[in-house]
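K.L.:
One-letter residues, chain by chain:
Number of protein chains: 2
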Amino acid sequence: MAKQKPRTLSGFMELLPEKQVQFDRMVELLRRSYSLYGFTPLDTPIIEASEVLLAKGGGETEKQMYRFTKGDTDLSLRFDLTVPLAKYVALHYADLSFPFRRFQIGKVYRGERAQRGRFREFYQADIDVIGDGKLDIVNEAEIPAIIYNTFTALGLRRFQIRVNNRKILNGFYAMLGLTDKAGDIMRTVDKLDKIGPDKVKALLTGEDIGLSDGPADEILKFIAIQGGNQEVLAALEGYRGRNEGFDQGLDELATVVKYLSAFGVPEDHFAVDLTIARGLDYYTGTVYETTMLDHPEIGSICSGGRYDNLSEYYTEKQLPGVGISIGLTRLFFVLEDQGYLNGEMNTAPADTLILPMTGDLAPAIAFASQLRQAGVRTQLYTEQKKFKQKMSYADKIGVPYVVFLGEDEIKGGVVSIKDMATGQQQTLPLDQAANLIRKKIDAQASQTPIIDP
Amino acid sequence: MAKQKPRTLSGFMELLPEKQVQFDRMVELLRRSYSLYGFTPLDTPIIEASEVLLAKGGGETEKQMYRFTKGDTDLSLRFDLTVPLAKYVALHYADLSFPFRRFQIGKVYRGERAQRGRFREFYQADIDVIGDGKLDIVNEAEIPAIIYNTFTALGLRRFQIRVNNRKILNGFYAMLGLTDKAGDIMRTVDKLDKIGPDKVKALLTGEDIGLSDGPADEILKFIAIQGGNQEVLAALEGYRGRNEGFDQGLDELATVVKYLSAFGVPEDHFAVDLTIARGLDYYTGTVYETTMLDHPEIGSICSGGRYDNLSEYYTEKQLPGVGISIGLTRLFFVLEDQGYLNGEMNTAPADTLILPMTGDLAPAIAFASQLRQAGVRTQLYTEQKKFKQKMSYADKIGVPYVVFLGEDEIKGGVVSIKDMATGQQQTLPLDQAANLIRKKIDAQASQTPIIDP
Numbered sequence: 001m002a003k004q005k006p007r008t009l010s011g012f013m014e015l016l017p018e019k020q021v022q023f024d025r026m027v028e029l030l031r032r033s034y035s036l037y038g039f040t041p042l043d044t045p046i047i048e049a050s051e052v053l054l055a056k057g058g059g060e061t062e063k064q065m066y067r068f069t070k071g072d073t074d075l076s077l078r079f080d081l082t083v084p085l086a087k088y089v090a091l092h093y094a095d096l097s098f099p100f101r102r103f104q105i106g107k108v109y110r111g112e113r114a115q116r117g118r119f120r121e122f123y124q125a126d127i128d129v130i131g132d133g134k135l136d137i138v139n140e141a142e143i144p145a146i147i148y149n150t151f152t153a154l155g156l157r158r159f160q161i162r163v164n165n166r167k168i169l170n171g172f173y174a175m176l177g178l179t180d181k182a183g184d185i186m187r188t189v190d191k192l193d194k195i196g197p198d199k200v201k202a203l204l205t206g207e208d209i210g211l212s213d214g215p216a217d218e219i220l221k222f223i224a225i226q227g228g229n230q231e232v233l234a235a236l237e238g239y240r241g242r243n244e245g246f247d248q249g250l251d252e253l254a255t256v257v258k259y260l261s262a263f264g265v266p267e268d269h270f271a272v273d274l275t276i277a278r279g280l281d282y283y284t285g286t287v288y289e290t291t292m293l294d295h296p297e298i299g300s301i302c303s304g305g306r307y308d309n310l311s312e313y314y315t316e317k318q319l320p321g322v323g324i325s326i327g328l329t330r331l332f333f334v335l336e337d338q339g340y341l342n343g344e345m346n347t348a349p350a351d352t353l354i355l356p357m358t359g360d361l362a363p364a365i366a367f368a369s370q371l372r373q374a375g376v377r378t379q380l381y382t383e384q385k386k387f388k389q390k391m392s393y394a395d396k397i398g399v400p401y402v403v404f405l406g407e408d409e410i411k412g413g414v415v416s417i418k419d420m421a422t423g424q425q426q427t428l429p430l431d432q433a434a435n436l437i438r439k440k441i442d443a444q445a446s447q448t449p450i451i452d453p
Numbered sequence: 001m002a003k004q005k006p007r008t009l010s011g012f013m014e015l016l017p018e019k020q021v022q023f024d025r026m027v028e029l030l031r032r033s034y035s036l037y038g039f040t041p042l043d044t045p046i047i048e049a050s051e052v053l054l055a056k057g058g059g060e061t062e063k064q065m066y067r068f069t070k071g072d073t074d075l076s077l078r079f080d081l082t083v084p085l086a087k088y089v090a091l092h093y094a095d096l097s098f099p100f101r102r103f104q105i106g107k108v109y110r111g112e113r114a115q116r117g118r119f120r121e122f123y124q125a126d127i128d129v130i131g132d133g134k135l136d137i138v139n140e141a142e143i144p145a146i147i148y149n150t151f152t153a154l155g156l157r158r159f160q161i162r163v164n165n166r167k168i169l170n171g172f173y174a175m176l177g178l179t180d181k182a183g184d185i186m187r188t189v190d191k192l193d194k195i196g197p198d199k200v201k202a203l204l205t206g207e208d209i210g211l212s213d214g215p216a217d218e219i220l221k222f223i224a225i226q227g228g229n230q231e232v233l234a235a236l237e238g239y240r241g242r243n244e245g246f247d248q249g250l251d252e253l254a255t256v257v258k259y260l261s262a263f264g265v266p267e268d269h270f271a272v273d274l275t276i277a278r279g280l281d282y283y284t285g286t287v288y289e290t291t292m293l294d295h296p297e298i299g300s301i302c303s304g305g306r307y308d309n310l311s312e313y314y315t316e317k318q319l320p321g322v323g324i325s326i327g328l329t330r331l332f333f334v335l336e337d338q339g340y341l342n343g344e345m346n347t348a349p350a351d352t353l354i355l356p357m358t359g360d361l362a363p364a365i366a367f368a369s370q371l372r373q374a375g376v377r378t379q380l381y382t383e384q385k386k387f388k389q390k391m392s393y394a395d396k397i398g399v400p401y402v403v404f405l406g407e408d409e410i411k412g413g414v415v416s417i418k419d420m421a422t423g424q425q426q427t428l429p430l431d432q433a434a435n436l437i438r439k440k441i442d443a444q445a446s447q448t449p450i451i452d453p
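So the protein sequences, as listed, match chains A and B.
By my numbering, the letter at position 284 of the first sequence is numbered 284, and the numbering carries on one by one without gaps.
By my numbering, the letter at position 204 of the second sequence is numbered 204, and the numbering carries on one by one without gaps.
Incorrect hints may appear among the rest.
Identical copies look the same in the list; a pair holds intra-copy or inter-copy alike.
Said to hold, decoys possible - Derived BS3-like pairs (lysine-lysine); straight-line CA-CA distance at most 30 Å:
1) Lys63 x Lys3
2) Lys63 x Lys134
3) Lys181 x Lys439
4) Lys63 x Lys221
5) Lys439 x Lys411
6) Lys317 x Lys390
7) Lys134 x Lys396
8) Lys56 x Lys70
9) Lys3 x Lys201
10) Lys134 x Lys418
11) Lys258 x Lys390
12) Lys388 x Lys181
13) Lys70 x Lys19
14) Lys3 x Lys396
15) Lys70 x Lys5
16) Lys5 x Lys134
Hints in this document: simulated from the structure, not taken from any laboratory.
Hey, can you work out the whole structure from these sequences and the hints?
P.N.:
See the structure below:
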């Protein structure tokens with residue numbers, strides 16, 4: 001028979017088992033972390049009616065969409081989890097309680113040009129808090145704590161959460177009479193890290209934006225405000241009283257900073273950064289970025305912010321919110337690429353492999369059942385192979401313990417158990433063997449998928 | 001602004017938060033159960049190249065596929081998890097260890113005619129054991145144990161796993177010289193439960209199949225074999241020696257039955273059922289169905305079997321396997337529809353809602369952090385609302401405990417904590433309050449998503 005060559009599409013991540021276990025462990029820890037903050041899990045369809053997903057209108061997104069018809073229906077695959085959330089909240093508004101806190105971890109689709117580290121199918125891991133009419137600023141102050149504790153739970157250490165407030169930016173540009181040009185300016189200022197202040201000034205005073213030297217210098221002075229959080233806040237106080245929005249944004253930023261230590265975020269994992277703007281037409285208050293200190297070139301690994309109107313394309317209700325998103329597939333790719341994945345983590349499909357050495361398998365099966373009842377992931381190996389091949393299989397799947405059950409063991413009510421890491425083999429009563437394995441499992445429970453030395 | 005009506009496509013399940021928690025709990029318990037048997041998690045793309053998914057050729061499946069082009073590429077959404085597994089194993093053969101045991105829980109797509117309880121996007125929860133060249137019969141014997149323990153973990157009680165062996169069926173029809181007609185006969189026999197033996201005989205002797213009375217009576221006699229597992233096996237022994245395949249199938253069935261009690265499957269949850277055939281062109285040995293005793297009309301909630309060649313369309317390698325699949329979305333729908341979901345389960349987004357009663361939130365935030373460190377899912381409620389509205393929110397989200405932190409509590413190092421189920425309120429030191437909540441969480445850990453009284 002002619003064979004079809006098996007292949008996986010480019011831009012689609014498909015992991016080998018060991019890596020999949022590490023990825024799944026990350027997902028599990030994200031779920032746990034989000035749950036601890038009172039977010040409820042949500043799952044929405046991957047396919048939606050195109051006109052629902054495109055309610056906001058097209059742009060770059062529309063070109064990247066996977067869109068097709070089935071029967072008479074114009075369908076699209078979701079390209080993020082925010083638009084489906086906006087639809088969900090508008091559709092189920094009457095059945096929800098606000099503030100509505102949900103997390104969603106799921107696949108989204110963008111037909112981007114394929115390149116290394118870019119994916120067309122990728123997981124996003126989002127949380128959002130949605131208010132009905134209003135939403136208290138404390139929700140914005142809690143987000144850095146969630147980011148901090150989530151990445152710490154994954155094992156990451158050297159990262160920094162950068163925060164700004166769009167009201168401060170908008171207010172500042174209003175002071176300069178540059179509200180109309182604020183978008184262009186912010187896009188330029190965003191390049192500061194990459195191109196430096198001189199080139200930023202050249203762009204600001206260049207043909208496209210056309211500022212004169214005075215305002216350009218004011219802007220460069222503003223975005224040069226740096227230092228500890230209190231220093232930055234103090235410097236910003238110097239601008240107070242000239243624009244209402246600015247003052248409000250400064251109050252919000254001060255509140256976010258004020259509760260940091262109560263929320264347990266160490267000072268060195270947090271910075272006010274006036275160059276951050278993010279999603280210019282969407283965010284309206286606090287904005288967040290998260291960068292790996294040793295890999296700034298990767299860009300933000302967790303971003304988001306405050307918005308005033310989640311579902312404006314679907315409902316008259318005013319639904320302000322704050323949310324963040326982790327691009328999990330890309331993050332995983334980068335972590336693997338940069339050697340951050342924990343090679344010591346137990347990624348075996350089982351904690352124990354039982355090798356029965358007798359024709360009657362009943363005693364081996366009974367011990368396997370006993371182990372499983374004790375929460376030990378157990379594989380019974382019954383293939384007709386040579387002993388050496390069986391041990392080689394145990395080695396290859398990386399199982400921590402191999403248990404041998406022969407006539408002598410069965411008669412004596414014991415098992416021979418081999419620790420595959422040390423090579424040590426001992427004969428133990430069933431209960432003690434089960435305890436030995438459980439102890440190892442409990443010790444491994446704190447293993448993180450990331451090692452950041 | 002004109003609004004886009006928010007809607008979710010028909011045939012696509014989208015759950016409200018409480019139901020989503022129950023669904024997710026089922027997924028979590030499936031993952032745990034499958035893991036205990038040494039299956040490793042896998043995740044493959046939802047989109048595959050059409051020619052890869054269609055390697056086997058079309059038929060009914062092809063018509064139902066979500067198929068489209070993006071750029072020049074002919075793409076399709078997977079319609080099951082078996083074909084992607086076949087591709088995966090062929091593609092990554094060199095990196096896998098056999099027997100390869102994997103589970104996968106993911107969405108699949110079939111553009112079926114929309115009707116109540118049928119879904120176009122639905123979760124399948126599959127396990128498969130794949131051998132390289134050979135696969136021992138004990139793997140087939142273990143499957144009923146996995147089915148039994150998995151559904152029991154979900155809380156289901158009144159179900160039965162029905163087992164047959166295709167070699168027995170094929171052998172039996174070969175004895176009668178009816179191999180050519182075996183497919184048609186099995187499809188007819190499969191209707192026995194619905195239409196009864198007389199109508200089955202009428203169909204067998206009718207124009208389409210055209211058996212004479214003798215063979216038809218033989219068949220009816222054969223499929224009428226019933227009783228305890230040992231009785232059925234004894235009756236089948238009467239046919240031994242007339243067909244090699246039959247004898248082999250009988251040996252296999254006897255082995256599966258033999259190890260049942262060692263694997264901990266109670267006799268009353270298992271039956272040999274000679275009318276079961278399943279996927280005629282695919283399964284080659286043991287086949288499984290699982291039915292809810294009180295709802296046979298639902299059909300099988302977990303099915304599968306042994307097959308000889310998983311990846312024959314992709315590789316020359318002989319890869320026999322055995323697997324089962326649960327149609328999770330439909331199962332969940334049926335369970336909800338029939339009142340099987342556990343209404344007592346804690347589906348709140350948090351275990352505790354903290355209501356700060358002071359301007360400075362630092363003490364409330366610190367207590368929230370303490371609870372989260374103790375694994376208590378905690379929501380801090382800081383919206384500016386009246387007390388009554390806050391309590392009504394707590395009621396609506398179903399949170400088990402509300403904690404009040406006012407000046408007096410903060411001074412005294414205590415909290416007021418209200419048990420929302422009993423209405424009882426008490427003042428406790430922080431640690432004791434945390435312990436009280438933890439105790440409730442631990443008590444709830446054994447709650448099953450299904451209640452089958």
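K.L.:
For every hint, state whether the structure bears it out.
P.N.:
Going down the list of hints, with the structure as the test:
| no. | hint | verdict |
| --- | --- | --- |
| 1 | Lys63 x Lys3 | between (35 Å within a copy, 22 Å between copies) |
| 2 | Lys63 x Lys134 | neither (34 Å within a copy, 49 Å between copies) |
| 3 | Lys181 x Lys439 | neither (63 Å within a copy, 58 Å between copies) |
| 4 | Lys63 x Lys221 | neither (39 Å within a copy, 64 Å between copies) |
| 5 | Lys439 x Lys411 | within (26 Å within a copy, 42 Å between copies) |
| 6 | Lys317 x Lys390 | between (64 Å within a copy, 21 Å between copies) |
| 7 | Lys134 x Lys396 | between (56 Å within a copy, 19 Å between copies) |
| 8 | Lys56 x Lys70 | both (23 Å within a copy, 22 Å between copies) |
| 9 | Lys3 x Lys201 | neither (61 Å within a copy, 42 Å between copies) |
| 10 | Lys134 x Lys418 | between (61 Å within a copy, 27 Å between copies) |
| 11 | Lys258 x Lys390 | between (60 Å within a copy, 25 Å between copies) |
| 12 | Lys388 x Lys181 | neither (73 Å within a copy, 47 Å between copies) |
| 13 | Lys70 x Lys19 | between (35 Å within a copy, 29 Å between copies) |
| 14 | Lys3 x Lys396 | within (29 Å within a copy, 57 Å between copies) |
| 15 | Lys70 x Lys5 | both (27 Å within a copy, 20 Å between copies) |
| 16 | Lys5 x Lys134 | between (56 Å within a copy, 23 Å between copies) |
Of the numbered hints listed earlier, those contradicted by the structure are 2, 3, 4, 9 and 12.
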